Amino acid sequence: MPVEAIKLSLEELKEKAKVIRRHIINMTTAAGSGHPSSSLSAVEVVTSLYFAGHLRLDPKNPDAADRDRFILSKGHAVPVLYAAMAERGYFSTDELLTLRKLGSPLEGHPNMKRLPGIEASTGSLGQGLSLGIGQALGLRMDSLDSQVYVMIGDGEMGEGQVWEAFATADKYKLGNLTAIIDQNGYQQTGATKDVLDYGDFAEKVATFGWHTQTINGNNMEEVLKALEVASQQKDKPSLIVSRTQKGFGILPVMEEAGDMNFHGKPLSKELAEKALALLT
Amino acid sequence: MEIGKISGLEMGQATRDAFGEALKSLGSDYPNVVTVDGDVGNSTRTEPFAKAFPDRSFNVGIAESNMVSVAGGLASTGKIAVVSSFACFLLNNAFDQIRMSVAFPGLNVKLVGSHSGISIGEDGPSQMGIEDVALACSLPGVAVIVPCDAESTKKATKAMLDVEGPTYLRLGRANAPVIYPDGCDFEIGKSIEIKSGNDVTIISNGLMVGIAMDAAKLLEDAGVNARVIDMHTVTPIDVDAIVKAAKETGRIVVAEEHLAAGGLGAAVSQVVVQEHPVPMEFVNVGAQYAESGDPQGLLDKYGLTPQAIVDAANRAVGR
Numbered sequence: 001m002p003v004e005a006i007k008l009s010l011e012e013l014k015e016k017a018k019v020i021r022r023h024i025i026n027m028t029t030a031a032g033s034g035h036p037s038s039s040l041s042a043v044e045v046v047t048s049l050y051f052a053g054h055l056r057l058d059p060k061n062p063d064a065a066d067r068d069r070f071i072l073s074k075g076h077a078v079p080v081l082y083a084a085m086a087e088r089g090y091f092s093t094d095e096l097l098t099l100r101k102l103g104s105p106l107e108g109h110p111n112m113k114r115l116p117g118i119e120a121s122t123g124s125l126g127q128g129l130s131l132g133i134g135q136a137l138g139l140r141m142d143s144l145d146s147q148v149y150v151m152i153g154d155g156e157m158g159e160g161q162v163w164e165a166f167a168t169a170d171k172y173k174l175g176n177l178t179a180i181i182d183q184n185g186y187q188q189t190g191a192t193k194d195v196l197d198y199g200d201f202a203e204k205v206a207t208f209g210w211h212t213q214t215i216n217g218n219n220m221e222e223v224l225k226a227l228e229v230a231s232q233q234k235d236k237p238s239l240i241v242s243r244t245q246k247g248f249g250i251l252p253v254m255e256e257a258g259d260m261n262f263h264g265k266p267l268s269k270e271l272a273e274k275a276l277a278l279l280t
Numbered sequence: 001m002e003i004g005k006i007s008g009l010e011m012g013q014a015t016r017d018a019f020g021e022a023l024k025s026l027g028s029d030y031p032n033v034v035t036v037d038g039d040v041g042n043s044t045r046t047e048p049f050a051k052a053f054p055d056r057s058f059n060v061g062i063a064e065s066n067m068v069s070v071a072g073g074l075a076s077t078g079k080i081a082v083v084s085s086f087a088c089f090l091l092n093n094a095f096d097q098i099r100m101s102v103a104f105p106g107l108n109v110k111l112v113g114s115h116s117g118i119s120i121g122e123d124g125p126s127q128m129g130i131e132d133v134a135l136a137c138s139l140p141g142v143a144v145i146v147p148c149d150a151e152s153t154k155k156a157t158k159a160m161l162d163v164e165g166p167t168y169l170r171l172g173r174a175n176a177p178v179i180y181p182d183g184c185d186f187e188i189g190k191s192i193e194i195k196s197g198n199d200v201t202i203i204s205n206g207l208m209v210g211i212a213m214d215a216a217k218l219l220e221d222a223g224v225n226a227r228v229i230d231m232h233t234v235t236p237i238d239v240d241a242i243v244k245a246a247k248e249t250g251r252i253v254v255a256e257e258h259l260a261a262g263g264l265g266a267a268v269s270q271v272v273v274q275e276h277p278v279p280m281e282f283v284n285v286g287a288q289y290a291e292s293g294d295p296q297g298l299l300d301k302y303g304l305t306p307q308a309i310v311d312a313a314n315r316a317v318g319r
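Quick mapping for you: the protein sequence lines, in order, are chains A and B.
Each residue of the first sequence is one higher than the one before, starting from 1 at the first, in the working numbering.
Each residue of the second sequence is one higher than the one before, starting from 1 at the first, in the working numbering.
Everything labelled a hint here was simulated from the structure, so no lab data went into it.
Hints may be right or wrong, so weigh each one.
DSS-like, lysine-lysine: derived pairs with alpha carbons at most 30 Å apart [claimed, not checked]: (1) B:Lys247 <-> A:Lys171; (2) A:Lys236 <-> B:Lys51; (3) A:Lys269 <-> A:Lys234.
Among the chain A residues that face chain B by a calculated CB cut under 8 Å, a handful are [stated by the list, open to error]: (4) Ile6; (5) Ser9; (6) Gly134.
On a predicted model such as this, the values are computed, not experimentally measured, just so you know.
C-beta: ideal position from N, C-alpha, C; glycine also.
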């Protein structure tokens, strides 16, 4: 089987996003730990990459040389990636409930050595974009038209290495590289603007020679359009600043819990029930 | 420098120069080899390769963190990514990138650190890689190679390209004496006995091998027959050769151009303690940073001399 993309309709994509959100709640609550709110903000983008005609893959041959690649640099949000991979057929959805358990390849952060289909081992923030640059260079050397997508967190933008990478991608005019900043506005101890405020990401990264767009990243139509525009940039790397809400899809539950950041903790069984009820 | 003078060795190339020549000459036979540099390719000697194969070399600027992760990305597309800088800037500056983008995923990245040790001289301690072996050895699955002369460096360069997985090649700036005028059989993880002897064993690598040979000559003149082993691979360490030396010579001196902590001495000690405890002595930079100065003057001042090894051997023999 050659690599191929799956292209669902808008309605199907919205339904798939709900399914992925339910997986995220179920797997992190079952694990008793993890980062559901950081995963939920990224659902529209990840769902679109895997199911809206972008990532050309073969789950039965996860190492196919001509596949497209998605690197989740904000590795703590890996439940969204596992959920999408399971829905795409890399492994059964039952296996999602082994998240973070001893013996499971679905580790707390992505481990490419243990789970085929994971394109980079991440979890120490700041390295994914550089890894993506290396992959984009290597694929271009091999005359493959494969695309590389890297998702970075807005808190992660505090890492200096990310800015080294923006400059490097410009130097090599990597038209096969798309970065997405999942700007959900929060990091571990509070609002990103309070912890370390870089201002307007798109404006700054544009000065590095990148094509940039800023969108509402929890709006499926906007995500689809932005990914399409990004894929048309053949002579320069492309950035999508995806403004999202941490915990999008279950915001009333987070409100009830009195924590709109809800960083690095699972929902209790009771809250998970309420969250799942919002996702039917 | 006077290394090798006492034992009558010819002075040869610096290991970084031999690496640069080897990499360039292997370039055609290894089309998957690429280089990633942090703007010091003319110092690390990847420059000849970069000039010969411009489409396979990437200078990403003075940004070692990004440089190492870019190499990891290239390796994950099937390239053999040779990433180099000064040993201290590579290992110390980009250590977490080496951990996360290279060692943990086990990618086929070849780390190359030049300017190791204090023999780089006048540029001073901020440029001296003297913690690099400890850092590299702490990483699971990374082979750590410290060649002593041009011939073995050329062999080591080919060997690291042939082996799948991460490696660290430690190189020096100073000219090194010719240890292998007639060539050598180089195999990662297999040390080379370059002088036989049964009274004491001197285990060393890198520039210290020539100094160990000088020490062996001085010892021989005093009636002590020293075995000299070129332990060019620190990880995986050659357990058999160490145990054999411990059993047959009963005492071991380890000499290296590195801090005391975490280097060759530590690696050899672990084997000796576990397999066949014998008296050991150590010659190294200790627990201090050096200073600017001429290379020979630095080696003398910081105790990396034939006499220091002789004294250590005599202490071991006397125990």
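Open item on the list: I'd like to know which numbered hints this structure contradicts. Please list them from smallest to largest.
Closed with: 1, 3, 4, 5
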